[in-house]
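A.B. asks: Residue-level listing of the chains:
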Amino acid sequence: MGKIMFLRNSWYVAAFDSEIGQTPLARTLLNEPIVLYRTADGTPVALEDRCCHRALPLSLGKVVGENIQCGYHGLVFDTTGACVSVPGQSKIPPGAVVRSYPLVERWNWVWIWMGDPALADNTLIPNWWWADHPDWVSAKGRGGEPLHVKCNYELITDNLMDVSHLSYVHASSVGVAAIAENAPRTERSDRQVVASRWVPNKPAAPFYQKAGNFKGNVDRWLVTVTDLPCFTMNDAGCVDAGTDAREGHRDRGVDIRVLNAPTPETETATHYFYQHVRSFEVGNPEWDDIFRTQFTEVFLEDKAVLEAQQAALSRKPDGPQIDINDDVPGIAVRRALRHLIQAEQASNDNTAAAAE
Amino acid sequence: MGKIMFLRNSWYVAAFDSEIGQTPLARTLLNEPIVLYRTADGTPVALEDRCCHRALPLSLGKVVGENIQCGYHGLVFDTTGACVSVPGQSKIPPGAVVRSYPLVERWNWVWIWMGDPALADNTLIPNWWWADHPDWVSAKGRGGEPLHVKCNYELITDNLMDVSHLSYVHASSVGVAAIAENAPRTERSDRQVVASRWVPNKPAAPFYQKAGNFKGNVDRWLVTVTDLPCFTMNDAGCVDAGTDAREGHRDRGVDIRVLNAPTPETETATHYFYQHVRSFEVGNPEWDDIFRTQFTEVFLEDKAVLEAQQAALSRKPDGPQIDINDDVPGIAVRRALRHLIQAEQASNDNTAAAAE
Amino acid sequence: MGKIMFLRNSWYVAAFDSEIGQTPLARTLLNEPIVLYRTADGTPVALEDRCCHRALPLSLGKVVGENIQCGYHGLVFDTTGACVSVPGQSKIPPGAVVRSYPLVERWNWVWIWMGDPALADNTLIPNWWWADHPDWVSAKGRGGEPLHVKCNYELITDNLMDVSHLSYVHASSVGVAAIAENAPRTERSDRQVVASRWVPNKPAAPFYQKAGNFKGNVDRWLVTVTDLPCFTMNDAGCVDAGTDAREGHRDRGVDIRVLNAPTPETETATHYFYQHVRSFEVGNPEWDDIFRTQFTEVFLEDKAVLEAQQAALSRKPDGPQIDINDDVPGIAVRRALRHLIQAEQASNDNTAAAAE
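Protein chains in written order, with my numbering: chain A, 107 to 462; chain B, 107 to 462; chain C, 107 to 462.
Think of the hints as simulated: they come from the structure by calculation, not from any bench.
One or more hints might be untrue.
Copies of the same chain look alike in the list, so a pair counts if it works inside one copy or between any two.
Derived DSS-like pairs (lysine-lysine); straight-line CA-CA distance at most 30 Å [stated by the list, open to error]:
1. K168 / K422
2. K256 / K197
3. K256 / K409
4. K321 / K409
5. K197 / K321
6. K316 / K422
7. K308 / K409
8. K197 / K422
9. K308 / K422
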């Protein structure tokens, strides 16, 4: 999987907004230990989770007003990561600081910028407006916490970009054999890859039939949009066959968006954040439950496959792999992400060279 | 323990025949992940347990007639390992193949050839006819599955070739102090080492006394035959003292064969296959139970010793070791096996050089 | 943490005296597997816990009189580590010996010399006479066994040398905020560092108030003496404020010595031996219980901090660390220990060079 795994100058989802409060939350993101908490007025804060004195995780300390105090020797750090108090002495030693990270609260999540804070650009957060729109309702993952998957995050993107696996991994819920029979169309732009499949005039998959109570066959769409590095939106649904959903007439059917943000914990483990948003049964909490419980089962089917796949890849990293037609969208994402990471690396190298 | 651990061009026991069926069985042999299944007509098949597309173990898929289908994207492989179907496309990509392994069903086990299939030679399977003979009956290990031991497989051969350990590890069942007092005789031939001990005119060990209900002392024999690389047959029994068992008059006593086939999983873990076959109480299932339960206890005593030994060796691989007289048979096996492995390596190197 | 972790030519606590008996005790010290047992007359013995024949730990064998017998093939070793019997043969092979270690029983513990036996010097054991004196009584750790802590042993010394952590880690028992407010005084000598704090005229911490039932404020002392490499004695107590404990008038108050001997198991794990000795409530077993149970809670608070600290250091060994005023005593110990270890290394190198 190469040497450089992560795009640093990017947002990633750090937590569901409801996960962060006055009790410090420890979470490793892109191999970095981070502590998350909210100040008294609710502002979220992200700091390096390692005291600059003797390395104890600050998450074992406590929040005191705006600040966090280490649980070992009582050093206090403010929201910028600066040490503002050392017990028993009036002077703060030089270098007494921990790293702080820019945060943005959006789409029920707290997003963290893992690279140079000066480059943090809110417009790079995908516009997943459905998560907040009154005509749509979100079932927040498994109830407000990420799913931990022991695989590299790009395997999750591969999985999401190639919906042909629904026919084999999820045959009992959202898969039908017809999906794989219809090749995807792939569109590429600067930081985005779109894969579209249309499955016309087929019986609805079990889940969709339950949701839509269709009388006959349906036209189904599966459109997957990945914004780099790893934000994948599934636009999925179906309407009565022949009512031309391609032209946007979807309101008579079942219309879902799945918002996926797999955040790397390490190179082989991922905090998988997801939300299902829907425009049907919006006021019906029973459907929140269905997404939380039934789709958790679907995602656990993926987790089993992804972890077995990662174990096989870790066991023999250089083993041969062949590609098939359905891999085109996933390969497009991988290639574009490689380019971004290489560009970031080259830029870092130039900066380092100029500084010498 | 050196660089080259395994003789590749050899049979190994892959499974009890009863372990393989329509549900794929995953098993790692000599560091290679393998899936075992039977076709609709019962023929056993062994394939590399890694889809050539995206590396998912095929054992997570399902058997479809003669073939096996990957559980991720539905690729289908035939019994030779060739991919014969890719969903959504008519053309099979070049290189879409997984490795297949020759299999032979014999002696209640399925044997696998781990090297070059062109060299697979059925005559190299040891002639353990007792396992199938009507005058003998087999208690199949612990009931048809191997014992997993976290040690290198050669430590098991050492253990079997030096029965002096019975006096210390198995004092309560099959050991008596007199064993160690009688030195073994060692005979070497091309791919075989035989160690023989005779323990004349002593009280029977607890297990043998129970089996034979002897009135007085017994003459006991412990003959161990190892066919390389790791097939060890214990010929063990006793008769009334002075009735000259050396001449073959054993039918009045207790006569057992233990068939041992420790198959390497990795360099430090082994699937230990064994069967006890006997020519007494042949129709008595109570004695099957005794072998299954009581000898499982004996083998678990060995497992505890072997795993502690492996842990000590792994901790300090180059620590000094002295040899004693009882090690002669085990050292003979190790030396012969080293020669075979080196010859195989030299042959591979020559082949590689000729191909350049 | 550098390449050389351990001072070899030193005593370390191997076990509580009550831990060693006729059943062999296996314990890893300074990365070396060791078996401890007592001969029939009660003399403690320490041998390399690896049979020189086939590496089985001798601790899986049994004590036979003065000697220990391997549980695999029955070799017998005497108290010097020499093999004195090999079953089935009259001659002992050359090199049939395991390492033996000098032991001394003192202060309720058995001390082991881990370096060159010729250099073993009993005067290097700290003079912790309170452990045996009739005016004092010892609560032996958690009841006669060490606490296992997954951290480097020097982190424990740091912890003990900087009592300012009491205010944060042990606020509910022995900590008060005033401790950190009073800077320590540090005294250095050849193999010893002493850190002293006086906390005058403050309310007693909860534990001390319970022990001393003071009417008003107290003068408290916290004196920590580390004898290299890792023997730390806490001299802790308090008396009514203004009664001048500095001059030794302590008998009217609460007077405790904590004897700490963290013995390295590996570079990142420690057998933490400790005893609390006291000169009050000497004949009251209830106070033994209080030390065993209540202080075990205190030490478990330390264990949680120390293990999290070690995990953070292992994750990023070269991460920056700043020092604060309270670190002066701990840094003095680390520096002195580094000098001792380097001197030992240099001496070994010279010896090796002279031998060439």
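A.B. asks: The structure should be examined with respect to each hint, and the outcome stated for every one.
C.D. replies: Verification of the supplied hints:
{"no.": "1", "hint": "K168 / K422", "in the structure": "between (44 Å within a copy, 23 Å between copies)"}
{"no.": "2", "hint": "K256 / K197", "in the structure": "neither (45 Å within a copy, 33 Å between copies)"}
{"no.": "3", "hint": "K256 / K409", "in the structure": "both (8 Å within a copy, 29 Å between copies)"}
{"no.": "4", "hint": "K321 / K409", "in the structure": "neither (34 Å within a copy, 63 Å between copies)"}
{"no.": "5", "hint": "K197 / K321", "in the structure": "neither (76 Å within a copy, 36 Å between copies)"}
{"no.": "6", "hint": "K316 / K422", "in the structure": "neither (42 Å within a copy, 51 Å between copies)"}
{"no.": "7", "hint": "K308 / K409", "in the structure": "within (28 Å within a copy, 58 Å between copies)"}
{"no.": "8", "hint": "K197 / K422", "in the structure": "between (54 Å within a copy, 27 Å between copies)"}
{"no.": "9", "hint": "K308 / K422", "in the structure": "neither (40 Å within a copy, 55 Å between copies)"}
In the structure shown, a violation is registered for the earlier hints numbered 2, 4, 5, 6, 9, in ascending order.
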